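*Asks:* With chain W's structure known, arrange chain P on it following the hints.
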Amino acid sequence: AQSVAQPEDQVNVAEGNPLTVKCTYSVSGNPYLFWYVQYPNRGLQFLLKYITGDNLVKGSYGFEAEFNKSQTSFHLKKPSALVSDSALYFCAVNPWETGANNLFFGTGTRLTVIP
Amino acid sequence: EAGVTQFPSHSVIEKGQTVTLRCDPISGHDNLYWYRRVMGKEIKFLLHFVKESKQDESGMPNNRFLAERTGGTYSTLKVQPAELEDSGVYFCASSQADRGTEQYFGPGTRLTVT
Chain W
77 AQSVAQPEDQ
87 VNVAEGNPLT
97 VKCTYSVSGN
107 PYLFWYVQYP
117 NRGLQFLLKY
127 ITGDNLVKGS
137 YGFEAEFNKS
147 QTSFHLKKPS
157 ALVSDSALYF
167 CAVNPWETGA
177 NNLFFGTGTR
187 LTVIP
Chain P
2 EAGVTQFPSH
12 SVIEKGQTVT
22 LRCDPISGHD
32 NLYWYRRVMG
42 KEIKFLLHFV
52 KESKQDESGM
62 PNNRFLAERT
72 GGTYSTLKVQ
82 PAELEDSGVY
92 FCASSQADRG
102 TEQYFGPGTR
112 LTVT
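Just so you know, the protein sequences line up as chains W and P, in that order. According to the working numbering, the stretch in the first sequence is residues 77 to 191, in order. According to the working numbering, the stretch in the second sequence is residues 2 to 115, in order.
Calculated directly from the structure, the hints in this document are not laboratory data. Mixed in with the good hints, there may be bad ones.
Pairs of lysine to any residue residues, derived as SDA-like cross-links and limited to a Cα-Cα distance of at most 20 Å, are as follows [stated by the list, open to error]:
1. P/Lys42 <-> W/Gln86
2. P/Lys42 <-> W/Gly135
3. P/Lys45 <-> W/Gly92
4. W/Lys98 <-> W/Val87
5. W/Lys98 <-> P/Lys79
6. P/Lys79 <-> P/Val90
Model, not experiment: these values are computed from the prediction.
Only chain W is shown next, with the shape it has when bound in the complex (with noise of 0.2 Å):
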């Protein structure tokens, strides 16, 4: 069975440190990974993907994240957090090797950046 792990319910950083919020996966074959972001009362906005190629991958508002296949991780990074990052993170992969469109996701962790 697919499954989506995101470890931390609640991560809490300081304005202008580094932040991390944590995915792992086990789901077969190599498949597509994503983050989202859900701010209050607002859908889920595309923040980054990872489809193939380098490790690291960039995306909005400064976002990053780095794919390493031998853990089955996709860990969302950002190397200064803002206030307006308080959000609620989701990380979602698509097995795609199975024929699947759909994206299966972890609980989501909130992220909080206190000022």
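*Replies:* Just chain P, lined up with the frame of chain W:
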């Protein structure tokens, strides 16, 4: 460009009643997806349309759920009769192509069944 829209934003109904959720995808997006998030849990896939055809409905929980996509444009998701465990946030997403392309999500419909 207008994003994905969903209606209503909230719905509170009693057990046994019927509710219909609507999703309008981004214009020109052939792929439309429905997902559901039950409180505090992961977002789960329900089904996938390509134009008006159901490509994958493996995530539909049971036959109380009926999804349609008229003419390949907007989609509706009907729950009849609603049960308590149907409560959650229902998200719609659309994409231009299928695998590998990002999906654009609507704000969701929060359904509460009492």
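*Asks:* Hint by hint, say whether it matches the structure.
*Replies:* Quick rundown of the hints versus the structure:
no.: 1; hint: P/Lys42 <-> W/Gln86; in the structure: holds, 14 Å
no.: 2; hint: P/Lys42 <-> W/Gly135; in the structure: violated, 25 Å
no.: 3; hint: P/Lys45 <-> W/Gly92; in the structure: violated, 34 Å
no.: 4; hint: W/Lys98 <-> W/Val87; in the structure: holds, 10 Å
no.: 5; hint: W/Lys98 <-> P/Lys79; in the structure: violated, 36 Å
no.: 6; hint: P/Lys79 <-> P/Val90; in the structure: holds, 14 Å
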